[in-house]
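Start from the sequences and build out the full structure, keeping to the hints where you can.
In our numbering, each number is its position in the sequence shown, counted from 1, plus 18.
Hint data in this document are derived by calculation from the structure and do not stem from the laboratory. Using N, Cα and C, we set each Cβ at its ideal position, and we do this for glycine too.
Cut-off 16 Å, straight-line C-alpha distance, at most; resulting in silico cross-link-like pairs (EDC-like, lysine to aspartate or glutamate):
(1) 45 / 90
(2) 95 / 48
(3) 76 / 153
(4) 95 / 139
(5) 76 / 90
(6) 95 / 153
Have a look at the derived ranges for each label pair, beta carbon to beta carbon:
(7) 174 / 62: 37 to 47 Å
(8) 174 / 55: 45 to 55 Å
(9) 136 / 48: 20 to 30 Å
(10) 44 / 118: 36 to 46 Å
(11) 31 / 116: 11 to 21 Å
(12) 146 / 116: 33 to 43 Å
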Amino acid sequence: MKKIVIAIAPVIFILVTIFAFSSQPYKDQDITPWLASLNQSALLNKLLSWISFSYAGKEISVSALGVAHFIEFFIRKASHLTVFFLLAFFTIRALAHFLVNKKRMAMISFVIVICYAALDEFHQSFTSGRTPLWEDVVVDSIGGIFGIIWYLKWNNKF
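Here it is in structure tokens:
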């Protein structure tokens, strides 16, 4: 029983953490003031100026956002990937206490990740200054896939 509690605790912690961060308005999470000095960097401007793409219908580039917001975009997406990587990793790890079939463990973990990612974006629609994006569900799902693969490789179950 103790092993099961220890296995489930990280999953619950991650779910609660995601919910807590999604409950915060964007202005409470904005790190661009810390990154503002980067806007003055001619070197970063030159190094990053060639990167331009569309995400959720918005241009993501240094010219459109400035260096600070451009870098913040990547930090936020890396956070999505990392948190959902951890959610998937610890979810499949917890399921291993109940299931033997690795495909079933992987599928259930992935469904949990996708469902929670979608619920998280829906939750953000009720939070001031936050925008729910299906693209973020995709980023979260990719993080989840990597978490599942890492677990399976780590435990020689691939």
